[in-house]
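Chains A and B supply the protein sequences, listed in that same order.
No gaps in the numbering here: position 168 of the first sequence is 168 in my numbering, and each next residue is one more.
No gaps in the numbering here: position 93 of the second sequence is 93 in my numbering, and each next residue is one more.
No false leads were mixed into what you were given.
Below are the SDA-like pairs computed for lysine to any residue, each with C-alpha atoms no more than 25 Å apart in a straight line:
id, chain 1, residue 1, chain 2, residue 2
1, A, K112, A, D84
2, A, K112, B, W129
3, A, K112, B, P128
4, B, K112, B, L99
5, B, K112, A, P128
6, B, K112, A, A127
7, A, K112, B, R162
8, B, K112, A, W129
9, A, K112, B, R123
10, A, K112, A, R26
11, B, K112, A, R162
Label-pair distances were calculated between CB atoms; the ranges are:
id, chain 1, residue 1, chain 2, residue 2, range
12, B, G53, A, A234, 53 to 61 Å
13, A, R47, B, D154, 41 to 49 Å
14, B, R108, A, R26, 40 to 48 Å
15, B, R46, A, E223, 46 to 54 Å
16, A, E214, B, D230, 22 to 30 Å
17, A, E214, B, R92, 24 to 32 Å
18, B, E90, A, D215, 26 to 34 Å
19, B, G201, A, M57, 29 to 37 Å
20, B, E36, A, H104, 31 to 39 Å
21, B, P85, A, M57, 53 to 61 Å
22, B, P203, A, R26, 28 to 36 Å
23, B, R41, A, D33, 22 to 30 Å
24, B, E90, A, A56, 52 to 60 Å
25, A, R41, B, V54, 23 to 31 Å
Simulated from the structure, these hints should not be mistaken for lab results.
All C-beta atoms in this analysis are idealised placements derived from N, C-alpha and C, irrespective of residue type, glycine included.
So the chains spell out like this:
Number of protein chains: 2
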Amino acid sequence: MLESNPSPGPEPDRAGPEKPRLERQRILQAGVDFIEQHGARQLTMRRLGSALGVEAMSLYRYVPSRESLLDGIVETVIDELYGDPEVYVEPRHGWQDYLLRLAHGLRRLALKHPQVFPLVATRPTEAPWVRPPLRSLRWVESFLAALTSSGFSDRAAVATYRAFSSFLLGHLLLEVAALGADVGPVEEADPHPPASADLDGYPLLQQLQDLLSEDRSAQEFEESLENLMDRLEALAP
Amino acid sequence: MLESNPSPGPEPDRAGPEKPRLERQRILQAGVDFIEQHGARQLTMRRLGSALGVEAMSLYRYVPSRESLLDGIVETVIDELYGDPEVYVEPRHGWQDYLLRLAHGLRRLALKHPQVFPLVATRPTEAPWVRPPLRSLRWVESFLAALTSSGFSDRAAVATYRAFSSFLLGHLLLEVAALGADVGPVEEADPHPPASADLDGYPLLQQLQDLLSEDRSAQEFEESLENLMDRLEALAP
DNA sequence: ACCTGAACACCGTTCAAGT
DNA sequence: ACCTGAACACCGTTCAAGT
Numbered sequence: 001m002l003e004s005n006p007s008p009g010p011e012p013d014r015a016g017p018e019k020p021r022l023e024r025q026r027i028l029q030a031g032v033d034f035i036e037q038h039g040a041r042q043l044t045m046r047r048l049g050s051a052l053g054v055e056a057m058s059l060y061r062y063v064p065s066r067e068s069l070l071d072g073i074v075e076t077v078i079d080e081l082y083g084d085p086e087v088y089v090e091p092r093h094g095w096q097d098y099l100l101r102l103a104h105g106l107r108r109l110a111l112k113h114p115q116v117f118p119l120v121a122t123r124p125t126e127a128p129w130v131r132p133p134l135r136s137l138r139w140v141e142s143f144l145a146a147l148t149s150s151g152f153s154d155r156a157a158v159a160t161y162r163a164f165s166s167f168l169l170g171h172l173l174l175e176v177a178a179l180g181a182d183v184g185p186v187e188e189a190d191p192h193p194p195a196s197a198d199l200d201g202y203p204l205l206q207q208l209q210d211l212l213s214e215d216r217s218a219q220e221f222e223e224s225l226e227n228l229m230d231r232l233e234a235l236a237p
Numbered sequence: 001m002l003e004s005n006p007s008p009g010p011e012p013d014r015a016g017p018e019k020p021r022l023e024r025q026r027i028l029q030a031g032v033d034f035i036e037q038h039g040a041r042q043l044t045m046r047r048l049g050s051a052l053g054v055e056a057m058s059l060y061r062y063v064p065s066r067e068s069l070l071d072g073i074v075e076t077v078i079d080e081l082y083g084d085p086e087v088y089v090e091p092r093h094g095w096q097d098y099l100l101r102l103a104h105g106l107r108r109l110a111l112k113h114p115q116v117f118p119l120v121a122t123r124p125t126e127a128p129w130v131r132p133p134l135r136s137l138r139w140v141e142s143f144l145a146a147l148t149s150s151g152f153s154d155r156a157a158v159a160t161y162r163a164f165s166s167f168l169l170g171h172l173l174l175e176v177a178a179l180g181a182d183v184g185p186v187e188e189a190d191p192h193p194p195a196s197a198d199l200d201g202y203p204l205l206q207q208l209q210d211l212l213s214e215d216r217s218a219q220e221f222e223e224s225l226e227n228l229m230d231r232l233e234a235l236a237p
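Based on the sequences and whatever the hints tell you, model everything.
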């Protein structure tokens, strides 16, 4: 689907400060930066061009359309996962360790790219069973390999994959949304500023507002992840 | 935030086939229908106008901008929850029953509006602690009231609210995405059709493709919901 | 080989003008 | 009171033309 993936073998060309695909990668990186600064809604071929010191039309030599530019931006961000030394493509200390590292790596990615993450979560995927946020064939293969090689049945591995992606998607999308990131398309100078809502008529909301506003996302992530792991133990061999 | 909510008291003016706010509501309903048919990306002031037999400029008498039109469309859809006879605003048979009914009602809503649901999931909310998919002050108030009136502490009620929304968001967003709905912005005639991906080099994906493509969303929803309920029992009084 | 100017068909939005 | 025509500043995208 992504025309940027000519060699789909499981061995990644690791993302990093090298510069292969010289121009395309520069454009995609500029796209990531632009979105992180101004939000996805602001990203325009013309504006990205001018951020690169070039006319919009030049981008079409490297990217067939704005849509595929966004796909490439998403891909660029998830490819960072390969650069995370804490995340293993091959399990080293069992499947629990593998899953915990992967979950934390994806959370770091989401928090590093709060404006891009909603795109990671919501762009159409390569195949219907590629479930965000783990949206790459390579990672899905890695995931399933880690589980089946630990003795999970095929069914159990797939069930684990689904439970894991649901959990991560819900948590991370809500966490970046709470970061003040506009989730999904983003406005710059917001026409309807998120002024603290009018709570007249909602006594409980008034009473619980402080509790509701507390940021417990890190703890909740850990607790829910632990709970998920407990649940998954039941599927383990 | 939504200019369509002049009386924010907890008593809803129930959604239904009546026609209060005559014109605005007609526009929003047309917007819902349009998105469900063509996807949110296709929704244009001009096109929606012509679907209503009117010029785009006329819409601005009822809706201040395209952004707020989208907000209104999302609101229209979640307001349908009030019309669901299986969902109670006030708990009648305890908090477990309340939560189960609410969860199933939201799932029905997502499946009824697979193209709108990604907007429900990703549009900026009225306040940072309003967490999709339960994106209305009225419902958050209802939720917290149901729990505290069942004896939950304030903290436990808030923790439950958070766990519940994460769970629903992850599950439902992935479920509508799998429905073939493009999640988030949508393309009509897709330039990169979701042709079945090239699985060369991914032996496990090939081997598990049938399992991966099986639709088990209903069962998984029930199982995960049950697990969540078990977890929440620990917070109950 | 790479970039651009001009052009096309479309946007959202404003506002004076029509009825 | 409600709708519209014309206009403005912007889009994505194509393509022949420049260097």
